[in-house]
Every structure is written in structure tokens, then in C-alpha cells.
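Colleague: Listed here are the chains, written in short residue letters.
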Amino acid sequence: MTALSRDEPRAAAPSRPHRGAAALPPGAAALPPGAPVCGRHDEPDPMDWVAALHGAGAEHAEALRRLHALMVRAAAHQVWRMRSALPDPSPGTVEIIVNQAADEAMTALLGKLDSFEGRSRFTTWAFKFAILQAATEVRRVQWQHREVQWRDLDEPRASAHDDPESHAEGADLSRAVAAAMREVLTPYQRRVAVALLVDGVPIDVLADRLGTTRGALYKTLHHVRVRLRVELTARGYLPTRPARSRGGGPGPAPANADYSEAPTTHTGGVR
Amino acid sequence: MSAPRQPREPVLPPDAVDTLLRDTTPWLSCEECFERMDTYAEATVADPAHVDEAMDTHLRGCAACDEEARSLIDLLRA
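One line per chain: the protein sequences are Y and S, in this order. Residue numbers for the first sequence follow UniProt numbering, so the first one is 1 and each next one is one higher. Residue numbers for the second sequence follow UniProt numbering, so the first one is 1 and each next one is one higher.
Think of the hints as simulated: they come from the structure by calculation, not from any bench. Backbone N, C-alpha and C fix where the C-beta goes; we use that ideal spot for every residue, glycine too. Any given hint could turn out to be false.
[What the hints assert, rightly or not] Taking CB as the label site, the calculated pair distances span: (1) S/15 - Y/239: 17 to 25 Å; (2) S/49 - Y/110: 32 to 40 Å; (3) Y/88 - S/60: 27 to 35 Å.
With the sequences and hints as input, model every part of the structure.
Modeller: Set out below in C-alpha cells:
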């Protein structure tokens, strides 16, 4: 078994420079009491955000200030939802995570500003950047001092309790799934599946440790599920179902395809 | 003299079996999920019975995207 850990764990420290901070006017995080940030989701946006953010002068500064307030609001919402996962949920730590996530989300949004197509309200579009960043940051902090066990199916979990109940009455389906995992999955696919779905490692934490992306790991997981379902259906454990459109995506993995998708670089460090 | 203990066959917990066998077709990537999350959230808030098969399937298969979509919906409803 290999333990994956970060080479340089990032602390949620106030001294860390905020990437988005340079673009902000002084006091950007605070709105005057009662200042509108956004309206209801079914009302039109009160301002042309894209034009204002592309503009200059006072209008541009005001748009940045309002945007940052939106990001702080959404990041705070997300961190509050996940606060029980934080090793230190004190107000000071939460504030640091919120502001850090808001800054990074704002930078990400401004880099994709021209991709906004107006299919939703701008504020809703903006919120999702902050929510993604804040959730990712909480999961990172949650796991920053924990090793990810990069183990295969038959390697026991290092900290697992030897619970007789969990071994004595293994369901037939459970054994069949384990057997199928050994037979139809690559070692990389098994390890990804075990980490994400058995050991409960968050997908973006594992992606960070392996130097890959959430999307790449989800694609691996999709192939894992397709292969297991095909195998378990062939063995009579799952009902057959009519074929249907697969949405133009990667589709089922052929039995002989190399979908190991193992990343070639490991920025997270492997011990 | 007792017989030597055989290595225990690992038994997957029921929740792991359930999620390993989850049907995640039609395919939608995490990147596409993120692109569509804002319109999906607004449509869901406007109509709680709103159905988007690809998004709904992806969210059942990706815990991280699911948490973020739920959070966005809650924020819009706040």
C-alpha cells in the first residue's frame, strides 16, 4: 500500500497572498449595509455585469467590489454547510477559508468572464465559482494532515478495525462485486474505486494527491461502474436493461481497452 | 490443533456496493456539470420537479458535484 500525501501542505494562513486581491479595490470585501448585491433568482440582473467588469474607472471598481461581495457570500454559505468537516471550525479559520476561496473564485471567474452566455443570472453563474472553490478548499483542509491510502482491493485499510460483523456475513453480491473488481478492472481503476467509494476520499483531494483532475477521476469511476455493471449483469446479479443513448460521452469501456488513466506526474508526492 | 487461518476475503460494505454499481449513463463530465450547474439550479428552484436526466445522473454518481449543486440551489432559495 502506498500513502499519498502533499509535499507542501498549504495552511489556511492569513499570510498567504490572495491571488485575486491585487484586482480588488480597498475594502472590497465589505458592502455598505443595505447595498443590493443581487436580487431574486427569477428577477433580471439590475446591472450589466460583463460590461461593468470589462469597463474602467469607478464603474469597474464598483463592479469588482460587488462581485467580491457575491463571492464572499457564496463561499461563506458553502463553508458553513461543511463546517463540521473542518478540523478547526473556529470563526477565525472559517473567515480565512471564506476569503481565500472568494479571492480564488473571483480570479477564476474573471478569467472566464467572456464565456458567460446569459443563460442564467450572472449572480447565479458567479455563485457557482465560489461554491466550487470553497467546497474544494474545505475538503483540502479536512484532509491536509491525513494520508490517502493508495491501496488495492485486497490490501486492508491501515486503520480499519477488525470487526467480525463486517466479515462474517458478507453478502453474495458484495463478494461478486469484489470478484468482478479483481477480474475486469485495472489496478489503477481498482485503487481509484477503493479510495473514492470504499475509503471515502473526496474526489478533489485524491485528484490533488495524484496530480490529476476531478474530471479525469470521475471518468475513471464511470468506466469502473460500466465495467462492473456489464460483468455483474453477465453473471446474473443485475437485470439486463435496454440500450439507450449515452449522451455522446466516453461510453462503456471495452474489455481490452487501457483505461488505466494513471497520471504521469505526481505533484502531490508519493511515499 | 486448529487449522491455519485463511486470509479473509474482503467484504465491501453495502453502501460501497451500491455506489460501485450505480448507473452513471448517460455520461456527463464534471466539467459539463459545472457549466450547466447555474441553469440547472435556477430551473430546479423555479420548478422542484424539474428533470435533467444527464445532470441528475451525474449528481447521483459524483458526491462533490452533488454537494455543490445542492448548495447552489439552497443559496438561491435563501
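Colleague: For every hint, state whether the structure bears it out.
Modeller: So, going through the hints one by one against the coordinates:
no.: 1; hint: S/15 - Y/239: 17 to 25 Å; verdict: holds (21 Å)
no.: 2; hint: S/49 - Y/110: 32 to 40 Å; verdict: holds (36 Å)
no.: 3; hint: Y/88 - S/60: 27 to 35 Å; verdict: holds (32 Å)
When each numbered hint is compared with the structure, no violation occurs for any of them.
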